[in-house]
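Peer 1: Now for the letters of each chain:
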Amino acid sequence: MRRRAYQALEPSRRGKVARGALLAVASVVTLFPFYAMVVLSLKPAAAIEFPGSLLPWNLATEAYDRVLSGQNLLQWTFNTAVYSLVSVVGVLLMSAMAGYAFAKKRFPGREAMFWTFIAMVMVPYHVTLIPTFVIIAQAGGVDTYWGLILPTLANAQAVFLMRQFIGGLPDELFEAAKIDGASEWRMFTTMVLPLCKPILATLGTFVFLWHWNDFLWPLIVGRSNDMWTLTVGIASLHQQNVPLNVVLAGSVVAFVPIFAAYLVGQRYFREGVTMSGIKG
Amino acid sequence: MTPSDEPSRARTAQRVLARREARIGLLFVLPAFIVFLAFRFGPAIASMALAFTDYTIGATPNWLGLENFRRMLDDPVFWSALKVTVMFTVMTVPVSLAMSVGMALLVRRAFRGVGLFRSIFFLPVVTSLVLAATVFTWIFSSNGPWSSLMGRLGLPEETWLGNPNLVLPALVVVAVWSRFGYGMLILLARLQDVPRELEEAALTDGANAWQRFRYIVFPQLRPALFFLAVIETTASFQVFDLVYVMTGGGPARASYTLVYELYEQGFRYFNLGYASAIGVALFVMTLVVALIQRWVIGRDR
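Those protein sequences? They're chains A and B, same order as listed.
Here the first sequence is numbered in the working numbering, starting from 30 and rising by one per residue.
Here the second sequence is numbered in the working numbering, starting from 6 and rising by one per residue.
Please keep in mind that the hints were generated in silico from the structure rather than gathered at the bench.
Just so it is clear, CB atoms sit at the ideal spot from N, CA and C, and this is done for glycine as well.
Any given hint could turn out to be false.
Computed beta-carbon distance windows for the label pairs [unchecked claim]:
no. : chain 1 : residue 1 : chain 2 : residue 2 : range
1   : A       : Ala74     : B       : Arg299    : 34 to 44 Å
2   : A       : Leu60     : B       : Asp198    : 24 to 34 Å
3   : A       : Phe107    : B       : Ala18     : 25 to 35 Å
4   : B       : Ala194    : A       : Gly99     : 25 to 35 Å
5   : A       : Val57     : B       : Gly253    : 22 to 32 Å
6   : A       : Leu60     : B       : Gly47     : 23 to 33 Å
7   : A       : Gly99     : B       : Phe223    : 48 to 58 Å
8   : B       : Gly47     : A       : Leu224    : 47 to 57 Å
9   : B       : Leu154    : A       : Gln193    : 18 to 28 Å
10  : A       : Gly99     : B       : Leu154    : 28 to 38 Å
11  : A       : Leu60     : B       : Ala194    : 17 to 27 Å
12  : A       : Gly99     : B       : Asp198    : 13 to 23 Å
13  : A       : Tyr154    : B       : Gln19     : 18 to 28 Å
14  : B       : Leu42     : A       : Leu114    : 17 to 27 Å
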């Protein structure tokens, strides 16, 4: 009886066919924009019309030649990489340090400081956008890497997640090392950081993804063409009546690194994004 | 050494150690805290202050009192942006939640290829909205697939992005595409917690699929659904990337959202005071939505 019920929770044969059909349709719809992006980027500019241009023949790399030669795309890719990688290192280091202190050290003002972090998770990013820009502008950070990167290092969620994780590590680990006379910094780099590897990987993936796809802040801080990131550059190509195949070639170039990383470390993407939420 | 010295010596040593601990703790928190004060906490306070001034880059701010807020209430553009933002949110959140539930149920059980389907549905979540917007602009263009599909379904065949009544639904399509995989994944984790015995018992009692979903699965999903509703409402309220790339707020301000107005006031016209006031209004609104949603969850429990 019980066994039959167990099996009956699985869909019937007809149910399985229906499920398969629904999933197939949903997959095609989900993947269609990616397919269109790639195929149209490989078409000569004159040939783009629906539906003929969606067929994968008569392909040409004309758009790639153009976007890679003329439009600063390599510079934007470099800027995006700098923005993403430096931010990942900065956020991980600072949040691991703060998380360790909040979780394992007693110091005056600990609770007050921690709650300041937590309270700010509630405040939407756009509310602080204008004063942040004013501060960066007054300090001469417009159109510089540091002006782009520094404000995005303030990441309350990262501090919170690190504190949660390190709080779950047993105290005895650290006491044993202390008795051995290890200095705090050494203990941090040789014990805390290695123990945090799983959370650092997840958090790092998310911070990387967030920066790689970030748009509004780079749009505001990057004034000159050669300080733009990929998202800002592609948005500007899109608005300048550049032929569609060239814009989409740029999109493909911007998407490939994320896609490659997604194929390799999907688990981290899933965990990172589900831990930290989505963007509007 | 007299025996009475022992405890006091130990206490002193302990105090020295505690002080050292405190110093180290502070030093470790400091980098994150300074950056945080300068670029999150400080700006949040400054935003409240700027909202009461006529600040613009390079000029000394004058105190205006409530002038900016009065101007906002009289500003038809603000009201229209508010209406557009609310309409976008009201359309996006339920559709996205329904899609998330549906897809989570479809990929719930293990079967061959289920991992691939989950990966496919999550791919849009990691894709930049700017990139998505470049493709979707073509999809919605007059010679793109959407218009031709609509024509075949007997619906208006015109370009949705060019029609004031259809531009928001078009943006909703893109937003849902870009985030249903996120909701699906969150719900999938909760679905694993539904006790199998309960579902089996219901089945033996003759409950059909809908009844099992309604009375056993859905109650388990409820907290996660509320969580998603809060996240998605906040995200929808702050929609910007799609608007900037796909429509520029048009046609006729039909997709001109609050954050887009904040951006234009702040960084096109440099009315930083007024833009801050819009930011404060945005904050109050998201706070109210979050409180209402929290209250609803509390009442349900």
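Peer 1: Hint by hint, which ones does the structure fall short of?
Peer 2: As far as the earlier hints go, 1, 3, 4, 6, 8, 9, 12 and 13 are violated by this structure, in ascending order.
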